[in-house]
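Student: Sequence:
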Amino acid sequence: MVVRAQRTLIPLRSGSFDLPSATVGLNEVIRWQRDFFGGRRPAQTRRIFGNDVGHRLVVREAPLENRPGSYAGAIGRGFSFEVAADRSVVQRGDPILLTFTVRGEGGLEHIGLSGLEGALPSRSFTLPSDKPSGEIADGAKVFRVPVRILDESLEEIPALPYSWFDPDLGEYQTVYSRPIALSVRPAQLISAADVVAAQPGQAPSSQRENKAEASRSKPSGPGDFSLTGANLAIELNRDRLRGDRKSRGQRLGVLYVASLLMLAAAFFYRRRNDRDPETLRVSASCKEQIRRIDAAASLPQKEALGEIASALRELGGLGLGGVDPEREALIAECDAVFYAPDSGLGSPVETKLVERARILARELGSRIPRSGTS
Numbered sequence: 037m038v039v040r041a042q043r044t045l046i047p048l049r050s051g052s053f054d055l056p057s058a059t060v061g062l063n064e065v066i067r068w069q070r071d072f073f074g075g076r077r078p079a080q081t082r083r084i085f086g087n088d089v090g091h092r093l094v095v096r097e098a099p100l101e102n103r104p105g106s107y108a109g110a111i112g113r114g115f116s117f118e119v120a121a122d123r124s125v126v127q128r129g130d131p132i133l134l135t136f137t138v139r140g141e142g143g144l145e146h147i148g149l150s151g152l153e154g155a156l157p158s159r160s161f162t163l164p165s166d167k168p169s170g171e172i173a174d175g176a177k178v179f180r181v182p183v184r185i186l187d188e189s190l191e192e193i194p195a196l197p198y199s200w201f202d203p204d205l206g207e208y209q210t211v212y213s214r215p216i217a218l219s220v221r222p223a224q225l226i227s228a229a230d231v232v233a234a235q236p237g238q239a240p241s242s243q244r245e246n247k248a249e250a251s252r253s254k255p256s257g258p259g260d261f262s263l264t265g266a267n268l269a270i271e272l273n274r275d276r277l278r279g280d281r282k283s284r285g286q287r288l289g290v291l292y293v294a295s296l297l298m299l300a301a302a303f304f305y306r307r308r309n310d311r312d313p314e315t316l317r318v319s320a321s322c323k324e325q326i327r328r329i330d331a332a333a334s335l336p337q338k339e340a341l342g343e344i345a346s347a348l349r350e351l352g353g354l355g356l357g358g359v360d361p362e363r364e365a366l367i368a369e370c371d372a373v374f375y376a377p378d379s380g381l382g383s384p385v386e387t388k389l390v391e392r393a394r395i396l397a398r399e400l401g402s403r404i405p406r407s408g409t410s
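Residue numbers for the sequence shown follow the numbering used here, so the first one is 37 and each next one is one higher.
In case anyone wonders, no lab produced these hints; they're calculated from the structure. Note that the coordinates shown come from a computational prediction; the quantities given were computed from them, not determined experimentally. Don't take every hint at face value.
Each computed DSBU-like pair below joins lysine-lysine, with the alpha-carbon atoms no more than 30 Å apart [as the list claims (entries may be wrong)]: (1) 323 x 338; (2) 323 x 388; (3) 388 x 338.
Pair ranges (Cβ atoms, derived) [to be verified]: (4) 131 x 320: 48 to 58 Å; (5) 116 x 335: 22 to 32 Å; (6) 215 x 91: 46 to 56 Å; (7) 391 x 284: 34 to 44 Å; (8) 53 x 191: 43 to 53 Å; (9) 391 x 47: 58 to 68 Å.
Idealized CB from N, CA, C, for every residue including glycine.
Sequences and hints are given; from them, build the entire structure.
Tutor: Structure representation (structure tokens):
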């Protein structure tokens, strides 16, 4: 009787290991009998055991000689390496997410990702300082790394290497991913001239009117008093002296209303002056981008998409929150249609797309603090 069993062991560290003898136990049939349907079934069995001899297993490290920079602990055979980007049309400085997928015959739990610093030069890419840990999914190790594009002349993400040690061949093997085409546009910078704000030298119209009214109601000084042309005769008509009570009540009501309006204007003016200048700048810039999105609804499709994507990028730079996946997805959708070779120049932009951008912009505007102190 011969019993064969196969087990695959993956050593996690180097060294010498004494493996104890393997033991097998099974039942051997020594007598058979027929069942009701004429088939055979065991009538008598006996228990037998078998023991193997012990073994000594020596595990060595992968050799340091000729070790490539893209080696990250992978040992086995038949590895493949794939790289995918979440979008291919970006502005300089925009983040993109690279997904690295490693497959092969070997232990995937403890392999890493190495050599990106040399394959993606720092003058063109910004890499995170932390090493990606990765996760096992569908029999593959998946790494996700966010990078930023710094070079406007960049046309592709180059082919990236991945190396492993093949124990059967006794040497390192390297496979390369496919390059990914990129379209990088220049970044748009916001200067002080682009921010819409009230000119400090111009007083509000209500304030000028209040000052003019105050100057008219201000009594003249002693030096301005003159009796020239004055009628100093004694008035004997009592009704005229009493005046019209109705008109006097109207004038008194107008005076009360004007006083309340002046108090309200002073209150709102004080609140405006107490607001943080940075908050005012962000609020003005946010309103300007919302107006750009509203105006884009009447533009041709290609021009409207460029305006909407630019407005959403500038809203993202106001510091009103972290990276918004919905906003980034809408920007990527606008860029994809904008750079499509068959995009219509004269066709109108989709109303739903403009409405989505308007809702995102107003949501960002609602995050601006309504009050603050300078």
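Student: Taking the hints in turn, state whether each one holds.
Tutor: A quick look at each hint next to the structure:
{"no.": "1", "hint": "323 x 338", "result": "holds, 23 Å"}
{"no.": "2", "hint": "323 x 388", "result": "holds, 20 Å"}
{"no.": "3", "hint": "388 x 338", "result": "holds, 15 Å"}
{"no.": "4", "hint": "131 x 320: 48 to 58 Å", "result": "violated, 27 Å"}
{"no.": "5", "hint": "116 x 335: 22 to 32 Å", "result": "violated, 46 Å"}
{"no.": "6", "hint": "215 x 91: 46 to 56 Å", "result": "holds, 47 Å"}
{"no.": "7", "hint": "391 x 284: 34 to 44 Å", "result": "violated, 56 Å"}
{"no.": "8", "hint": "53 x 191: 43 to 53 Å", "result": "holds, 51 Å"}
{"no.": "9", "hint": "391 x 47: 58 to 68 Å", "result": "holds, 59 Å"}
The structure shown violates the earlier hints numbered 4, 5, 7.
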